[in-house]
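Quick mapping for you: the protein sequence lines, in order, are chains A and B. Just so we're aligned: 72 in our numbering is position 72 of the first sequence, and the numbers increase by one with no gaps anywhere. So our numbering is basically just the index in the second sequence, starting at one, shifted up by 221.
Treat the hints with care, since some could be wrong.
Restricting the straight-line Cα-Cα distance to at most 30 angstroms, the calculated cross-link-like pairs of lysine-lysine (DSBU-like) are [as the list claims (entries may be wrong)]:
{"#": "1", "chain 1": "A", "residue 1": "K119", "chain 2": "B", "residue 2": "K601"}
{"#": "2", "chain 1": "B", "residue 1": "K458", "chain 2": "B", "residue 2": "K436"}
{"#": "3", "chain 1": "A", "residue 1": "K171", "chain 2": "B", "residue 2": "K494"}
{"#": "4", "chain 1": "B", "residue 1": "K436", "chain 2": "B", "residue 2": "K417"}
{"#": "5", "chain 1": "B", "residue 1": "K590", "chain 2": "A", "residue 2": "K173"}
{"#": "6", "chain 1": "B", "residue 1": "K590", "chain 2": "A", "residue 2": "K171"}
{"#": "7", "chain 1": "A", "residue 1": "K167", "chain 2": "B", "residue 2": "K494"}
{"#": "8", "chain 1": "A", "residue 1": "K119", "chain 2": "B", "residue 2": "K590"}
{"#": "9", "chain 1": "B", "residue 1": "K494", "chain 2": "A", "residue 2": "K173"}
{"#": "10", "chain 1": "B", "residue 1": "K494", "chain 2": "A", "residue 2": "K10"}
{"#": "11", "chain 1": "A", "residue 1": "K167", "chain 2": "A", "residue 2": "K203"}
Selected chain B positions facing chain A (in silico; Cβ < 8 angstroms) [claimed, not checked]:
{"#": "12", "residue": "R236"}
{"#": "13", "residue": "A479"}
{"#": "14", "residue": "H484"}
{"#": "15", "residue": "V487"}
{"#": "16", "residue": "L489"}
{"#": "17", "residue": "K494"}
{"#": "18", "residue": "L549"}
{"#": "19", "residue": "P551"}
{"#": "20", "residue": "M552"}
Treat the hints as calculated values from the structure; they're not laboratory data. These numbers were taken from a predicted model, which means no experiment stands behind them. Ideal Cβ positions, reconstructed from N, Cα and C, are used throughout, including at glycine.
Here are the chains, one letter per residue:
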Amino acid sequence: MKYLLIEDNKELAQAVSTRLRLDGHVVDHAESYADAILFSDNGDYELILLDIMLPDGDGRDFLAHHRSQRRDTPVIVLTARSQVSDRISVLDLGADDYVTKPFDHAELQARCRAVLRRKSGSSQTITRLGDVELDPVAGQLSVAGQPLVLRNRELRLLELLINSPSKVFSKQKLFDRLFAYDDDASENAIEVYIARLRKHLDKSSLTITTLRGLGYRLDDE
Amino acid sequence: MMSKAAFTSGSLRYRLAVTLIGVVAVLTLLFYFVLRAYAAQIALQSQDNILNASVTAILDAAIIRDGVVKIDIPYAAFSMLNTETDDRVFYAIYQNSSLLSGYADLPFPQRESRMSNTYKSGVYLGVAIRQVTASRVLVGGDIRTRITATVAQTQDSLSGILQRIARNAALYGVGFFSLAVVLAIWATSSTIDPLKRLAESVARRGPQDLSPIVKPVPSEMTPLVSSLNSLMTRLDKSFSQSEEFIAEAAHRVRTPLATVRSHAEVTLQRVDKEENRQALRSMIRAIDESSRAAGQLLDHAMITFRANQLEYQAIDLVELARECVQRLTPMGDMRDVELRLETDTTVLVSGDAILIQNAVRNLMDNALKYSPVESVIIVKVRSEPSPHISIIDQGAGFPSDEMHALVARFTRGRNASGTIGSGLGLTIAQDVALAHDGTLNIGNTTEGGACVTFSF
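With the hints as extra help, turn the sequences into a complete structure.
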């Protein structure tokens, strides 16, 4: 997916961009209100992440401008304020959702998906591999034309594997990407989800191979 | 909202009243004694006048006949001395220093002047008397002799009059005193009242009303009122400054925290060594915990502030719950926890939307935190028996022995040890419920999950 990140703090912007790119997204970064207007008027983004405090203008002004241009690109506000009244005013101005800094990327991704699902129902970028099609926004998997609904964690696990076919993922890496940091879940839980995915992909051309001591790999036959 | 009582150094009203009444008491006593002394003087003077007349009548009756002094005491000389109380009268008449008539043992005053009469109080036969003495020179033929007469009267009538006067004076004094006490109390009240009204108008103010006092006050109170006004102006300024300061501080702290967290997440994807990964995970957990605690502390502070001045409006609880569910659905998705709404069509209540939303969101947030993976949280909004929102999860429920302590601030359940949070969520919900005269009930379902009900 293509993101526009509007954030004046370079350090944070860099960290967030890197994290998003790790998941295979494309990120443009605007540092100021002026840049943000320029980027959003000319780029074709699926999602905009907006810091509400900008050096040359309030993020609320950007929201007002964005809505006045009749664009329906969803905007998720990154806010450092946690007071309820602030959150509400942000939503009133036309933001689709907000996350409070510091935010969990898994949560940000979940919110992005939820917002996109609300707006359009499906993703512009459907991943295809073999006879499998995955719509990460709708959470829909179709195997040889047969639709299947995945649970969120199954979906995120498959998304990881399907975006890098033939790559070996260690159990720990999958664990860190899948589970929020407040969970007591053990790394063995990965095995449960791998088993479920294998069942879903039973009739497809894809197979998940266990490499003892190394991890898992998704292959197209 | 009653603040702690200030130390008192006596009551101004009491002090003023006591001073006024004390002054009145002294004045009344003074009035009584002066009046009595004056009355005594006047009574004595009138007795003296009569005695004087009596003595003069006796002396006028003295004649020399055949070279002998003869005094035919007129009846009137004594009858004029008649009183209601039958005072006794004594007299003595001397020619030069030899007794002509009367009581020989009646003390005869040493006369200072031959011309004027002598008035004297004394004691005779054990009773108090008033005595007037006068003398006259009689010349007849070749005789020239001095006649001295003295008339004394007991003072029973006088003291009777004096007693009556004293009694009346005392009655008037008591009346005067009573009236003065009433007036003193009235004067005290009317002096203290502006002060009391000022105190009341300050006490009646809402916690956010820091506008200056504009009502006119007596000139003696203007220094107090003007310093009060300047204090409130400074307080108002410092309140808004601290609100801005908190927002600014939150921004300054939260942005670097977000940077650290994002970097930690990225790094976690890149390192392989298990101990490094552990360190990064606990770092992320610590950041999450601190930001959540900070958020809840701010929420709690805001609620405490707002709870004193609720902004009532009509709220549809169903709509409010739906918004909260929508907001938290992505969080549920992350762990495949479904938030399911079971509601009546509309449940209208009157309350402060921001506070109720905050409470409900905190309760749902709690339910999410304690729900097992791939479970369901049921959010019920019903108008019967009273409007309420119930949030039922499929977690481990509340430990039965900690139910009450859980609502207290910062208390966390025993089985919450692995879950991020400061435990303020329930406290926040409880405070909001109390502010709306509602209740927050916590309990467990028969299946073991927690069930929290916020009712109005």
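Going down the list of hints, with the structure as the test:
no.: 1; hint: A:K119 <-> B:K601; result: holds, 27 angstroms
no.: 2; hint: B:K458 <-> B:K436; result: holds, 22 angstroms
no.: 3; hint: A:K171 <-> B:K494; result: holds, 13 angstroms
no.: 4; hint: B:K436 <-> B:K417; result: holds, 13 angstroms
no.: 5; hint: B:K590 <-> A:K173; result: holds, 23 angstroms
no.: 6; hint: B:K590 <-> A:K171; result: holds, 24 angstroms
no.: 7; hint: A:K167 <-> B:K494; result: holds, 20 angstroms
no.: 8; hint: A:K119 <-> B:K590; result: holds, 27 angstroms
no.: 9; hint: B:K494 <-> A:K173; result: holds, 11 angstroms
no.: 10; hint: B:K494 <-> A:K10; result: holds, 29 angstroms
no.: 11; hint: A:K167 <-> A:K203; result: holds, 22 angstroms
no.: 12; hint: R236; result: violated, 49 angstroms
no.: 13; hint: A479; result: holds, 4 angstroms
no.: 14; hint: H484; result: holds, 5 angstroms
no.: 15; hint: V487; result: holds, 5 angstroms
no.: 16; hint: L489; result: holds, 5 angstroms
no.: 17; hint: K494; result: violated, 10 angstroms
no.: 18; hint: L549; result: violated, 10 angstroms
no.: 19; hint: P551; result: holds, 4 angstroms
no.: 20; hint: M552; result: holds, 6 angstroms
Comparing the model with each numbered hint stated earlier shows that hints 12, 17, 18 do not hold.
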